[in-house]
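Given these sequences and hints, build the entire structure.
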Amino acid sequence: MLDFRGRVALVTGAGRGIGRDYALLLAARGARVVVNDVNADRAESVVAEIQGQAGQAVPDSHSVVGEGASIVDTALNTFGQLDAVINNAAVKGTGSFADRNADDWWNEFDISFRGTVEVTRAAWQHLAKSGAGRVINTASTGMLGNAGSSAYGAAKAAVWGLSNTLALEGDPLGIRVHTIIPGAWTPLHEENGRWRPEVEATMREHFTTERVASFVVWLAHPATQAAAAKTFRVGGGHARRGGFGVMPAIRPTSNTPEGWADVSASLVEDQDDFIPATNLAELVTRELITVNPTLESVLRGSSLTN
1 MLDFRGRVAL VTGAGRGIGR DYALLLAARG ARVVVNDVNA DRAESVVAEI
51 QGQAGQAVPD SHSVVGEGAS IVDTALNTFG QLDAVINNAA VKGTGSFADR
101 NADDWWNEFD ISFRGTVEVT RAAWQHLAKS GAGRVINTAS TGMLGNAGSS
151 AYGAAKAAVW GLSNTLALEG DPLGIRVHTI IPGAWTPLHE ENGRWRPEVE
201 ATMREHFTTE RVASFVVWLA HPATQAAAAK TFRVGGGHAR RGGFGVMPAI
251 RPTSNTPEGW ADVSASLVED QDDFIPATNL AELVTRELIT VNPTLESVLR
301 GSSLTN
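Heads up, the sequence shown is in UniProt numbering, so the first residue is 1 and it goes up one at a time.
It should be emphasised that the hints constitute simulated quantities derived from the structure, not laboratory data. Don't be surprised by glycine CBs; every beta carbon is placed ideally from N, CA and C. Just to be clear, a hint being listed does not mean it is correct.
[Claimed, not checked] Computed cross-link-like contacts, EDC-like style, restricted to lysine to aspartate or glutamate with a CA-CA straight-line distance of at most 20 Å: (1) K230 x D171; (2) K129 x E169; (3) K230 x E282; (4) K230 x E169; (5) K129 x D171; (6) K129 x D73.
[What the hints assert, rightly or not] The calculated label-pair distances, taken between Cβ atoms and stated as ranges, are: (7) L288 x T224: 32 to 40 Å; (8) T224 x P172: 15 to 23 Å; (9) T224 x G145: 28 to 36 Å; (10) D270 x W218: 17 to 25 Å.
Dropping the structure here:
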C-alpha cells in the first residue's frame, strides 16, 4: 500500500469535483492535506469529511491569483512542511474570442494558468527541502482547440509548457513535475456543455473522478519513479502518455514560396510515422540531423552546447 504518512499535500480547487477526490484519497492514505477552494464552505466541508474519517486536513480559501503564497503559508503554518502540490484550480467560460469581454477573458486565463505559477513559485523552495517534492499540474484537451474556449485552451497550453520546463529545473532538486490531462465528468462539464444523452451516460459511468484520482495520487507518491516532464492523459480507467511530436520532414522543390506550394499536400496530410519530441533539445537535435546527417554521431546523447 502506498503510504503518505509524514507527507503534506496541497490541492487547489479541492472543494468539489476531481480536486475533492484528490484530497480525500491523499488523506485516506495518511497525508496531511491543505484543501484549497475560494468557496470557504466547500473547503470546510471536504475537511470535515476527511476529519470524519480520522484524517488530517485544513481548509484554505485564498485565491490562487494574487494569494498563492498565502495558500502555501497555510501548509507551513499548520503542518510545518510541504511535499506535494496538485494544481487543479481552474475556471472555464464560453464565448467566441471576438465576443468575450477582455477582463473576463484574462480573469479566466489568470485563474487557470497564473494561479499555477503563483502557487508553484511559492512552494518551490519548500518542495526542494522535502527531498522528494512533487508537482502535478493540470492541462486539458482544450489546449488542442475548442471553439468558444480560447482563454481556457490558451491557459492549459501554457500550463503544459510551464510544466515541461519546471521538470527540467526541478529534477536536480529532487522535485518531479508532471502534467495530467484528466478525462472525467466534473462540475465544469455540467456547467459548460450540452451533451448527447448517451455520451453523458457513458461519461458519468466510466469517466469518474475517482478513476483519475487513483492515478494522480500514485504519481504524487515519493516512491513513484515515473520520469519527470511526462504528460499523461488519464480517464475511463486507463492512462496513456501524451506529448508533442512531428511528422517526417518534407523538403520543398525549391527554396521559394512556389517550392512550398508544390509540396503543400504532403505537409498537411496525416502520416503513420509520427515522431515524438519530449523536449526542445530533442526536437532541435532531430532537425539538425535532418539537414546534416553527419551530426548524428556527435549529438545523440550529447548537449547541443559546449
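Hints, one by one, checked against the model:
no., hint, verdict
1, K230 x D171, "holds, 12 Å"
2, K129 x E169, "holds, 15 Å"
3, K230 x E282, "holds, 14 Å"
4, K230 x E169, "holds, 14 Å"
5, K129 x D171, "holds, 13 Å"
6, K129 x D73, "holds, 15 Å"
7, L288 x T224: 32 to 40 Å, "holds, 34 Å"
8, T224 x P172: 15 to 23 Å, "holds, 18 Å"
9, T224 x G145: 28 to 36 Å, "holds, 31 Å"
10, D270 x W218: 17 to 25 Å, "violated, 33 Å"
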